[in-house]
Amino acid sequence: MLKPLGDRLVIELVEQEEKTASGIVLPDSAKEKPQEGKVVAAGSGRVTDNGERVALEVKEGDNIIFSKYSGTEVKYEGKEYLVLRESDVLAVIG
Amino acid sequence: MLKPLGDRLVIELVEQEEKTASGIVLPDSAKEKPQEGKVVAAGSGRVTDNGERVALEVKEGDNIIFSKYSGTEVKYEGKEYLVLRESDVLAVIG
Amino acid sequence: MLKPLGDRLVIELVEQEEKTASGIVLPDSAKEKPQEGKVVAAGSGRVTDNGERVALEVKEGDNIIFSKYSGTEVKYEGKEYLVLRESDVLAVIG
Amino acid sequence: MLKPLGDRLVIELVEQEEKTASGIVLPDSAKEKPQEGKVVAAGSGRVTDNGERVALEVKEGDNIIFSKYSGTEVKYEGKEYLVLRESDVLAVIG
Amino acid sequence: MLKPLGDRLVIELVEQEEKTASGIVLPDSAKEKPQEGKVVAAGSGRVTDNGERVALEVKEGDNIIFSKYSGTEVKYEGKEYLVLRESDVLAVIG
Amino acid sequence: MLKPLGDRLVIELVEQEEKTASGIVLPDSAKEKPQEGKVVAAGSGRVTDNGERVALEVKEGDNIIFSKYSGTEVKYEGKEYLVLRESDVLAVIG
Amino acid sequence: MLKPLGDRLVIELVEQEEKTASGIVLPDSAKEKPQEGKVVAAGSGRVTDNGERVALEVKEGDNIIFSKYSGTEVKYEGKEYLVLRESDVLAVIG
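Chains as they are written, first to last, in our numbering: chain A, 1 to 94; chain B, 101 to 194; chain C, 201 to 294; chain D, 301 to 394; chain E, 401 to 494; chain F, 501 to 594; chain G, 601 to 694.
A few of these clues could be false.
[Said to hold, decoys possible] DSSO-like cross-link-like pairs, simulated, lysine-lysine; straight-line CA separation at most 27 Å: (1) B/Lys138 with A/Lys3; (2) B/Lys168 with C/Lys275; (3) E/Lys438 with E/Lys468; (4) G/Lys659 with E/Lys403; (5) C/Lys203 with D/Lys303; (6) B/Lys103 with B/Lys159; (7) E/Lys438 with G/Lys668; (8) E/Lys479 with E/Lys468; (9) D/Lys379 with D/Lys303; (10) C/Lys238 with B/Lys179; (11) G/Lys659 with E/Lys475; (12) E/Lys468 with G/Lys659; (13) E/Lys475 with E/Lys438; (14) A/Lys75 with E/Lys403; (15) E/Lys475 with G/Lys603; (16) C/Lys238 with C/Lys279.
[What the hints assert, rightly or not] Covered by chain D, according to a simulated footprint, are these stretches of chain F (three or more residues, beta-carbon under 8 Å): (17) 501 to 514; (18) 542 to 550.
[Said to hold, decoys possible] Which chain B residues stay away from chain C? Per the calculated CB distances, all over 12 Å, these: (19) Glu136; (20) Asn150; (21) Arg153; (22) Ser167; (23) Glu173; (24) Lys179; (25) Leu182; (26) Ala191; (27) Val192; (28) Ile193.
Worth flagging that the hints you see were computed from the coordinates, not collected in a lab.
For every residue, glycine included, the Cβ atom is placed at its ideal position computed from N, Cα and C.
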């Protein structure tokens, strides 16, 4: 299992068609393309300059939209994941 | 439904003519063109370095003017939206 | 009506001659040209990292001098305005 | 009258000869040339991230040395002034 | 023994095959390649602007994934290590 | 007299030979050359984001080593001085 | 004697062979080469934005590894030293 640190999330990518089941269609021309993913693990939150840990708004199981070029791809036990920061998440689908 | 995080807003673009119903006309020559939109969803606010969450000034239903090149376009259930940060909002029309 | 957010101001530009009624003359050669304007609407102030809102020093009706290339032009109900941040205001004329 | 905001100062430039009355001589070769001026108006101080206003050290009537390329020139009622931030002041002559 | 300062970690690199024992496979094409390592020493944590020390989430013995180009290589008593900051750690394998 | 503001210092340059009386020799090849100087006036300290003034560690009369390209040269009553920030001081000779 | 300010350290360089007595071998190919040194003087610590002084973790007599291109070289009484910030120290050898 991958446990992300701080304000990081481990994301399972959702395959994207022209029009997905949930209705998200991403324009090809957009410079910063959004993508859909599912949160499989969430960090314990970032620590402010005040020394307090701020819990994440996103939680395991959430479907999210994020900017395409954010995060780092990793493979773990044969599956591809993306590790990104919560600040790269645009919106939760719900 | 799209639920934006932190200080982000989901905006429905308002079609713009030479002179819109609400009277906004945007100059073509302006480098950073403002645009009109309607807020369809607002985040829970940004968290300061002090660990406090600051509620957004903008709320669902507000008509706003924002800078053209800010935000990220997403399509959801066949409609186009823009996800942007409250700091990219220039003014509320009211 | 345009209601600016945070530390933003909506400014009505004051036409500038060689020497204006209020006595301001702006040098053509200055790289960052100052301009005169009248505040028609002021935001509720910026929020510090401490979570406190700091009231603006500038208020509706003030005549101000600001740097030319700051802010964003918008037209609203046939009139031109400038939306800028209080930090772009050089001085209040009074 | 020009009333500067925050940590800004309105400065009246002091004409500079090879050697001024107060004894300041500024080298031509210096990349960032210092200049002498007199403070004619001072802002109410900057507001820290903590929300507290810090009073300025410089006050009306002070003769100061500042870096040449800082600030913005404005003309008001036929006289030239410079608006600059207190952080651009190198030293007070006293 | 190497004792890292603040939020730094001393990492022992884990040799990477096409598919490692723990199942991590790193794509060659990825711009910012992740790597696997084992924490052999951890600092006492970073000090916030508030003057408080924030303990690290990562501890000695943890297997971690980090971005390839982060950190500095050092050799000590014939073995190679990497010194990196906790913020460069993407996830803990556990 | 020159009174520096905040965390600034007014420095009298110490002439440098191959080997000075105090034993400092500065390498010509060093990219950022250190220099020796004597503090003739010190500011009242910088103000933190918390609104507190932090007293300077350096005091009038101290001999210091600083980086060559920091600060601004000024002439006052026929003598050359350097105005620099305490953060540009490398060490006090004592 | 050289007394460094704030979070600075005065370092005596340790001559480096292919393999040193303490076992450190530094790779030639490493872009940011680490080096070994001995702390001969340590500052009183940096002051946070909160106005509190944070004591250094490194102390006089410590052997440290630091990044090669950090710091400034100075000669004092015929010996070469390096003045660097504690944040440039990678690890303490102990």
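The hints, checked one at a time:
no. : hint                   : result
1   : B/Lys138 with A/Lys3   : 38 Å, violated
2   : B/Lys168 with C/Lys275 : 14 Å, holds
3   : E/Lys438 with E/Lys468 : 14 Å, holds
4   : G/Lys659 with E/Lys403 : 13 Å, holds
5   : C/Lys203 with D/Lys303 : 25 Å, holds
6   : B/Lys103 with B/Lys159 : 13 Å, holds
7   : E/Lys438 with G/Lys668 : 25 Å, holds
8   : E/Lys479 with E/Lys468 : 19 Å, holds
9   : D/Lys379 with D/Lys303 : 15 Å, holds
10  : C/Lys238 with B/Lys179 : 40 Å, violated
11  : G/Lys659 with E/Lys475 : 23 Å, holds
12  : E/Lys468 with G/Lys659 : 32 Å, violated
13  : E/Lys475 with E/Lys438 : 15 Å, holds
14  : A/Lys75 with E/Lys403  : 31 Å, violated
15  : E/Lys475 with G/Lys603 : 31 Å, violated
16  : C/Lys238 with C/Lys279 : 13 Å, holds
17  : 501 to 514             : holds (count 8)
18  : 542 to 550             : holds (count 5)
19  : Glu136                 : 9 Å, violated
20  : Asn150                 : 5 Å, violated
21  : Arg153                 : 8 Å, violated
22  : Ser167                 : 6 Å, violated
23  : Glu173                 : 20 Å, holds
24  : Lys179                 : 25 Å, holds
25  : Leu182                 : 17 Å, holds
26  : Ala191                 : 4 Å, violated
27  : Val192                 : 5 Å, violated
28  : Ile193                 : 6 Å, violated
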